[in-house]
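Trainee: Residues per chain, in single letters:
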Amino acid sequence: MASPQRLEINESASITVIHFKDQKIIDPGAIQELGQELFDLVEKEDRRKIVLNFANVEFLSSAALGKLITFEKKAKRIGAELILTNISPEIYQVFAITNLDKLFKIKDSEADALAVL
Amino acid sequence: MSSPSPPVDRTLQASLSSSLTAYHVFIQTILDQLADLGWHKSDLFAVHMALEESISNAIRHGNKEDPAKKVQVDCQISPARFWVQICDEGAGFEPSAVPDCCAADCLENPGGRGSRVSVCPACNSG
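Same order as they appear, the protein sequences are chains A and B. One point on numbering: in the numbering used here, the residue at position 86 of the first sequence is 66, and numbering is uninterrupted. One point on numbering: in the numbering used here, the residue at position 101 of the second sequence is 401, and numbering is uninterrupted.
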């Protein structure tokens, strides 16, 4: 796999921890790349335990939310476990407004996610 | 001693091309002006979300990314108030006809959240 441009990927004890490189996820081209890099994790690399850490993310558009939703569906399809962590209060409010807090498993910290995977 | 004058609104306007990469600089200009007026980080986030989703919807769904069409944005800001009017050249739509992206059976639909998150959090509560 080519070196990811939008994601920082670390593997520890069969758990894949992802950090986003962009602080603002709004550019259509960047969102397209980000989505493909996420999809490759489950479709090409068969990763089964994934933590998405949002600590670096200050803002994301609904188009980025759409990619996350598609990623969640693809992960679910292959039986992968997915947990989102370190979401800022402002972004968490967006998840809550759109009921996505019911679709995604969300933990406060990366440590909390690692403890249950 | 006279009382201080009431804050005067600042006006920002732009006629944006119908490209999904053409408007972020203008949004940042508005956010910078609001920050200069002392707006809090969480309020800047809400304004950013409203502008991002409204303008991108106007370009994508209103003008259908037609380069011959423009999106007109008129904005007034002050230390306590943010007002914006965004007009595209599309045919218009009936908001009640837009599927509810937050319904349980639609949660996994990847689209349709822009109009929901562009409304202020207080309006969305309840």
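No lab work stands behind these hints: they were computed from the structure. Yeah, the Cβ is synthetic: ideal placement off N, Cα and C, and Gly gets one too. Take these hints with a grain of salt, some might be off.
So these bits of chain B aren't anywhere near chain A, every CB distance computed over 10 angstroms [to be verified]:
(1) Ala335
(2) Ala380
(3) Glu408
Part of the chain A face toward chain B, derived, beta carbon under 8 angstroms [what the hints assert, rightly or not]:
(4) Val(-3)
(5) His(-1)
(6) Pro8
(7) Lys24
(8) Ile49
(9) Ile77
Trainee: Which earlier hints can't be squared with this structure?
Mentor: 3, 4, 5, 7
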